[in-house]
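Use the sequences and the hints to build the structure in full.
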Amino acid sequence: MALIITIPGLVRLALVRNPDELLRVNDAAVVTRSLSGRGGLFNRSVAAKLTVFRAPDGDIWPAFRDRHDPLRAAHQASLESALSKIDALLQQIAPEITELGNYVGGRRAHRSMGVVVQQAVGRLFFPDYLASEESYAAARTLQAWSSAWPLRAAWLRRSGALKAALDRIQTASRGNMACAHATALAMNNIVKSIELMRELALHGDNLAKIEPKDALLRTLRAPARVVRETRDGDFIGLIRLRSRTLVLLAVENARQQRASDPGFAFFAGAWNQCPAHGLVPALLSNVWQAARTRATAGA
Amino acid sequence: MSRENDGFVFHRGLLQAVLDVAFRVINFFVRWDHLPTLLGSANLSVFRERLREHNLRHTGYGTTPPGWSTGNDRWRSADGSFNSLDHPRMGMAGARFGRNFPLPECVPDSVDDLLEPSPRVISMELLARDTFIPATSLNLLAAAWIQFETHNWFSHGVPEPENEFKIPLKTGDTWPEDERVDGCMKIRRTVPDRTPREPWLGATPTFRNLNSHWWDAGQIYGSDRDRQMQIRSKADGKIEVGSDGMLPADPAHPGADLTGFNDNWWVGLSLLHNLFAREHNVICDGLKTRYPTWNDEELFQRARLINAALIAKIHTIEWTPGILGHPALDFSMRANWSGIPCRVLRAVLGENSEAAYGIIRSPTDQHSAPYAMTEEFTAVYRLHPLIPDDMDVRRIDAAGVEHCKLVDMQGRATRKFMETHGFVDLLYSFGTAHPGAIRLHNYPNFLRQFEKDGQPLLDMAAIDIVRDRERGVPRYNRFRELVGKQRVKTFEEITSIPGAAKKMRAIYKGDVDRVDLMVGLLAEDLPDGFGFSDSAFRIFILMASRRLKSDRFFTDDYRAEIYTDFGLDWIQNNGMKSVLLRHVPQLGPALEGVNNAFAPWNVLRGSAWPSS
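These protein sequence lines are chains F and U, in that order.
Numbering-wise (my numbering), the first sequence opens with residue 189 and increments by one.
Numbering-wise (my numbering), the second sequence opens with residue 19 and increments by one.
Possibly wrong hints are sitting among the right ones.
Some chain U residues near chain F, calculated using beta-carbon distances under 8 Å [said to hold, decoys possible]:
1. E123
2. S128
3. W218
4. K306
Listed next, with one range per pair, are the computed distances between beta-carbon atoms [what the hints assert, rightly or not]:
5. U:G175 x F:L318: 44 to 54 Å
6. U:G175 x F:A458: 35 to 45 Å
7. U:P474 x F:F423: 31 to 41 Å
8. F:L339 x U:S356: 46 to 56 Å
9. U:S356 x F:G363: 16 to 26 Å
10. U:R30 x F:L339: 22 to 32 Å
11. F:P258 x U:E134: 32 to 42 Å
Just so you know, these hints were derived from the structure itself, not from any lab.
Backbone N, C-alpha and C define an ideal beta-carbon position, used for all residues, glycine too.
Okay, structure coming up:
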């Protein structure tokens, strides 16, 4: 059952953790991606944070486009089509997969693993995408912005760090907002998965014992929370959501209850299915395999 | 600078910020309409500032840049382009409707929900007129007037047959069998906007206004140069009229007069178009006398400016206070036009102040978005209940009445009806008849089964419901919230009309958030003296001022070099009553003692007003 918190003037939110409930809420007509900021100060602050994820000319990042936005569907379809050539794409980022495999296998990396992940993700869009410590720092700034407490958020904004990070990500993404989203926000889940893989691999002889498919299931991570808002009040299943409730979909929490289904992390089959729902599991499997190969070769 | 608002930013002054806080506190305890007149009026100006800041949204222009023509700097172009010399596409014919709410709020329901509950059921159960409910403070000219004005401001075009909505009909529905398709009523969709969409529009649908958005009397003069040339006599700047002084017939539109915009034609529109065509021609005579060297074009365009401003003035300080009879509103509308006549206030606030000197002649300002009529504005102007099903046609020179049906006074039958009954008697009859009250259960029944040339049989009430839904206008409760009012939690909070809350609860399955905007507006309990709902009025507060403030011909260019001294005096010294008496002096006794020409006139012979 969802946890609903209402403090008039401060917050009106619902935290949804049950997988079935989460899918129902995600699919409900009254629940939208765009946030009005109504419902309380907290709701307003979350909405204000998300408004920065736009191109300088006002274009909306694809992951924040609403369900009925014709461009969302078009972007989603074209990106999914582009990312469906999994073998070719994995071949394209083979050096990064090898580097990540080395990292998972326990070797010291000469640069942040996040930079490698960012470059791998960026090269899915542009073969010559070049990530750097600075571009990864920009991504981390944007990730921090999304979940920062008010003081830190204020500092990020006032110091210009937020603007600089957005500019850097958008420049590196050459105006491709799907690439910007992937290399700034979405990549964080892959970074977490790789870290988990490294922990898993370094424990006993897991690397040899565990098959890539199983390693994937044990290390795949979904976004911790995805935000939505109810435009109007309604009953969704057994939950009564009032109008202007900020809905936090605890995707990672719910995924752990459906650990056997990797598609859950990507909303596979839902209207907002991640276009990389096939690619990311394959990427992670290949990284594990690369780590095993290196270990075998090293032995 | 974001493309979203084309660079326009709202600047709030310190005084406005202080007043905003003060009135938030005051309104916590007292509603604006319960305040003393001056405070109430100040409260309205605070509402307007809030709305100017938060409730203007650009949706892109949807047009290509227009070409420059001689005179665009001095007078109104035919299509409304170059009103803003910096943004020539702003408000021109063919430009998109804007929005009053953030674009993500203006997204239609998904297909499954769009037709729920059935618009036809709402038409039959909540809107259909049982017995005529009159608006006793108004005459029928007020109803014709608002249609006359909306024909100036907007048109979505005539829907074409393609991918119609199919509304399932319940057993026992009286909708004619031969009009049904698969047991459903068909409703054509609004003409789609096929211009390239800007990516920041998101899921918000856009539609184009075929008319110029400006308050430029486009209903008389048309919204393109070709139409303008068709209606002109091409001599002395005048509009073509026949030997009987009446507008000629439009050969392309049987039954209608040849004028700028003559869709949905009926006798009420014909009366007002003829009246203001005559006014235009009289203004031309006045200009010709003073400026004998001016050619036809110069005379026509200057007369148009003057006539359009006079119509705007009549609307602002006569029609609006007529239908919204509240002292604070009356005071505010007069202040909108000419300011508050207080020397101290004028000295303190300065000559650019709207409050002190009025919007007219103040600096042009678009506030937070480029000027455009909005979808929400068109939605709150769904005032069909004003139209009666029947009316009594009187003769000014004889007793007795002839009972006529409105359906026989419209479309192809209009000109014939006008010829039979005459301009003078029909004006008198309109002045002495009541329109309907803008309430539930008062939608004219002839419009609920309406035959229109080139269209399938129409249920206008159901169509009104569908239009708001398909255009993504928020439903009633969210609309309230977005104009700065509290959401309601129960149906009883909306209305005290006997039985209405119960019916609404049944139709909307107990979900008050699903109540359609038009239903909510018609059901809502009204402030004292108001002819329509307070929620709709919030949009009026914003847009009525905006039509003036955004238009350089009412602001920066409201000056003698553009209008002539004669023109400014003409606007200053005239109103609806003087226009009526100038062209139809026989109405003198009927208008004797009548302060507002949209209030009921004196019945000279026969039975007096039923209500008196």
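**Restraint satisfaction for W218 (chain U) [CB to CB of chain F, less than 8 Å]** = This interface hint holds because 4 Å falls under the 8 Å limit.
**Item:** Pairwise beta carbon distance, S356 (chain U) to G363 (chain F), judged against the given window 16 to 26 Å
**Value:** Taking Cβ atoms as reference, S356 (chain U) and G363 (chain F) lie about 51 Å apart, which means the hint is violated.
**Prompt:** Taking the CB of P258 (chain F) and the CB of E134 (chain U), does the distance hold inside 32 to 42 Å?
**Reply:** violated (22 Å)
**Message:** Restraint: E123 (chain U) near chain F, CB-CB cut 8 Å. Satisfied or not?
**Reply:** E123 (chain U) check passes; min Cβ-Cβ to chain F is 7 Å, inside 8 Å.
**Message:** For the hint 35 to 45 Å, verify it against the beta carbon of G175 (chain U) and that of A458 (chain F).
**Reply:** Given about 37 Å between the Cβ atoms, the range holds.
**Asked** Is 31 to 41 Å right for how far apart the beta carbons of P474 (chain U) and F423 (chain F) are?
**Response** holds (37 Å)
**Prompt:** Per the hint of 46 to 56 Å, is the separation of the Cβ atoms of L339 (chain F) and S356 (chain U) within bounds?
**Reply:** holds (51 Å)
**Message:** Hint validation: K306 (chain U) versus chain F, beta carbon distance must be below 8 Å. Holds or violated?
**Reply:** At 51 Å from the nearest chain F Cβ, K306 (chain U) fails the 8 Å test, so the hint is violated.
**C-beta pair R30 (chain U), L339 (chain F): status relative to the range 22 to 32 Å that was hinted** = holds (27 Å)
**Asked** Taking the closest Cβ pair, is S128 (chain U) under 8 Å from chain F?
**Response** holds (5 Å)
**Request:** Mind checking the hinted window 44 to 54 Å against the Cβ distance between G175 (chain U) and L318 (chain F)?
**Result:** holds (51 Å)
Consistency with the previously given hints fails for numbers 4, 9, 11, ordered from lowest to highest.
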